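**Q** Now for the letters of each chain:
Number of protein chains: 2
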Amino acid sequence: MAADPSSQVLVTGAGGFVGQALVRALAQHCRVTATDRSGLEFADLVGVTAVPGDLDDPALLAALTAAPFDAIVHLATVPGGAAEADPAPAARVNVAASMALIDAAAAHGNRPRVLFASSIAVFGDPLPAYVDDATAARPMLRYGAHKAMIEEWIATMTRRGAIRGLSLRLPGIVARPLGPSGMKSAFLSNLFHALKAGEPISLPVSTGASCWLLSLRGLIAQLCQALDLPADPADARLNLPAQRVILRDLVAEVARQTGHDPALMDYEPDPAIEAAFGRQPPLATPRADALGLRHDGSLGALVAQALADL
Amino acid sequence: MAADPSSQVLVTGAGGFVGQALVRALAQHCRVTATDRSGLEFADLVGVTAVPGDLDDPALLAALTAAPFDAIVHLATVPGGAAEADPAPAARVNVAASMALIDAAAAHGNRPRVLFASSIAVFGDPLPAYVDDATAARPMLRYGAHKAMIEEWIATMTRRGAIRGLSLRLPGIVARPLGPSGMKSAFLSNLFHALKAGEPISLPVSTGASCWLLSLRGLIAQLCQALDLPADPADARLNLPAQRVILRDLVAEVARQTGHDPALMDYEPDPAIEAAFGRQPPLATPRADALGLRHDGSLGALVAQALADL
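Protein chains in written order, with full-length UniProt numbering: chain A, 1 to 310; chain B, 1 to 310.
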């Protein structure tokens, strides 16, 4: 797929943090249609068609899916914090529009590959003492429930042979850009920006908080590999490999690589944030490992990759 | 709940086969608001408020949920055959409107009891050799996926403490009225009508087909009991007790009780219908059994109950 220059790939949420990087990676190998409400800055790329608009707009969806795609990477989402603040539009984008997109893409009969950016938010909190491929979804956030619901839709449509779907549970991806993201886990990225700038920052978790993390480059590599994996109608869900990082170790490594003082970090744990993002237990991903997907390899490599993209 | 005359209960899909019987049963004990697009014939009942309209209409939903309910029984649905024939409106009612109803009901902060009429369609086909409370959802029909998705929403909202939810997986309910129901399993009811009238009928399954069945009266009793069960945030899904009936035995018993010839039945198995509705394996429902829910007890009792309501 990623290596076939005639392949047509649709990327939703293409103006976002992950979407922009994915479009740039895919454009080296195939033809990309990129859609988002904003952020479609791909004029420098050959073979990328930008289609601005809201996925919740039936006219946009109809225009987007008028011709078949070989693959779709569905990243567009209203994230966790934003979905809690304004539930109705979040449900329209995260659930209704996602179902409509999948149905429209399937209607051409070409069984497109569909990668869905799900989230470890499907596991909710508190997490069990150990998470692996058999751990059941048990969301607590609206966002997590939305993701679990679309996982079910994709699994059903894959069993029916309408698509070749795969829902990928993304861990925390670092480091996202500064600014309002609507994500409750934004502090994990903001600490990179603060340390690089030598500025103090208050973190809403404890120094012992444990988080599953993957760099943006690590994620893009996994997404490109996943496009070419064979579809498995028996299990259309996959936990992505990630490193389990203790916050004090992460801060120390970012400080070391940026040459700043880890004492710039102040810790004011918020029990809800700590419960949702700071108590992630050991994670095993044997299915993804067997498929050849890899995390960044070491804390040093994760931090270096993340800092390189700031 | 069902025994408290000041309780306010909302029934959606109240004009349907199950809804009409449930409203009549509840009206003996509490105050009922009944909503549906049609079929709200409750002028003879005291304490029933009929609110006609489409649950997919935001104005109707806002009017319905302006005041809190102690309990909601959400029966309204676009059934399996109709959902396959016209997917988009089915998704709006079965998923989007169902989410909006639950959110609106929860917004009063009174943690209403919410019973959701899910379906054994969440199990899809082929079924494993044995089904019990641990069997995973694996839908094949759009309708089954819709039900599994709303089960997830109700489970999440129950874990959050917003509602006291319970999704009940309904087996085949007999005998539904004749006429277009949009249900692929309509043949299970139509055979009662044909034998009672002494008319021939062709069934789309084999004589050895096995089906999980419950009479309407048996279901109404289970629903009324379920209204008063304590909510279990750890598991908001429940398989209802049902009898596993072999079609030739069912036909023989209906023929015996109606005094007609079982040879009126002709069998022309449709592989898809047989797979979806005619290969239901032994079913164990220990959780529901422990909660005191019961099926009709015997094939004779099931058939007698069903014939009494024709």
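Take the hints with a grain of salt, since some may be wrong.
Some chain A residues flagged as far from chain B (calculated, every beta-carbon gap over 12 Å) [stated by the list, open to error]: (1) Asp70; (2) Arg92; (3) Ala104; (4) Asp125; (5) Arg142; (6) Ala145; (7) Thr156; (8) Gly179; (9) Ser298.
In silico contact screen, one side only, chain A against chain B (beta carbon under 8 Å); selected entries [what the hints assert, rightly or not]: (10) Val48; (11) Val51; (12) Pro52; (13) Ala91; (14) Val95; (15) Ala96; (16) Pro139; (17) Glu152; (18) Trp153; (19) Arg159; (20) Glu268; (21) Ala272; (22) Ile273; (23) Arg279.
Don't read these hints as lab results, they were simulated from the structure. None of these values were measured; they are calculated from a predicted model. No residue lacks a Cβ here, since even glycine has one placed at the ideal position from N, Cα and C.
**Q** Confirm or reject each hint.
**A** Hint check:
1. Every CB of chain B lies more than 12 Å from the CB of A:Asp70, the least distance being 23 Å, so the non-interface label holds.
2. Chain B draws A:Arg92 into its interface by the beta-carbon criterion, the shortest separation being 7 Å against a cut-off of 12 Å.
3. A Cβ of chain B approaches the Cβ of A:Ala104 within 12 Å, the least distance being about 10 Å, so the stated non-interface status is violated.
4. A beta-carbon of chain B comes within 12 Å of the beta-carbon of A:Asp125; the shortest separation is about 10 Å.
5. Distance check for A:Arg142 against chain B: the nearest CB is about 7 Å away, which does not clear 12 Å, and the non-interface claim fails.
6. The claim that A:Ala145 lies off the interface is violated: its Cβ sits roughly 4 Å from the closest Cβ of chain B, which falls inside the 12 Å cut-off.
7. The beta carbon of A:Thr156 sits about 4 Å from the closest Cβ of chain B, which is not more than 12 Å, so the claim that it is off the interface is violated.
8. Annotated as non-interface, A:Gly179 keeps its C-beta farther than 12 Å from every C-beta of chain B; the closest such distance is 28 Å.
9. With 12 Å as the threshold on Cβ separation, the claim that A:Ser298 sits away from chain B holds: the shortest Cβ distance comes to roughly 36 Å.
10. For A:Val48, the suggested interface contact is broken, since its CB lies about 30 Å from the closest CB of chain B, more than 8 Å.
11. Interface restraint check for A:Val51: the shortest CB-CB distance to chain B comes to about 21 Å, outside 8 Å, so the restraint is violated.
12. Against a cut-off of 8 Å between C-beta atoms, the interface hint on A:Pro52 is violated, since the closest Cβ of chain B lies about 24 Å away.
13. Given hint, A:Ala91 at the interface with chain B, holds; its Cβ is 5 Å from that chain's nearest Cβ, closer than 8 Å.
14. With a cut of 8 Å, the hint placing A:Val95 at the interface with chain B holds, because the nearest CB-to-CB distance is about 6 Å.
15. The beta carbon of A:Ala96 is positioned within 8 Å of a beta carbon in chain B (closest approach about 5 Å), and the interface hint is therefore held.
16. Because the closest C-beta pair between A:Pro139 and chain B is about 5 Å apart, less than 8 Å, the hint holds.
17. Taking 8 Å as the C-beta contact cut-off toward chain B, the hint placing A:Glu152 at the interface holds, the least distance being around 5 Å.
18. At its closest, the beta carbon of A:Trp153 sits 6 Å from a beta carbon of chain B; the interface hint therefore holds under the 8 Å criterion.
19. A hinted interface residue such as A:Arg159 counts as satisfied when its beta carbon comes closer than 8 Å to some beta carbon of chain B; here the least separation is about 6 Å, so the hint holds.
20. Taken as an interface hint, A:Glu268 does not check out: its beta carbon lies about 25 Å from the nearest beta carbon of chain B, beyond 8 Å.
21. Annotation: A:Ala272 was flagged as interfacial toward chain B, and the flag is violated, the nearest CB pair being 12 Å apart, outside 8 Å.
22. The closest approach between the C-beta of A:Ile273 and any C-beta of chain B is roughly 16 Å, which is over the 8 Å cut-off, so the hint fails.
23. The restraint placing A:Arg279 at the interface with chain B is violated, with a minimum CB-CB distance near 16 Å, outside the 8 Å limit.
Of the numbered hints listed earlier, those contradicted by the structure are 2, 3, 4, 5, 6, 7, 10, 11, 12, 20, 21, 22 and 23.
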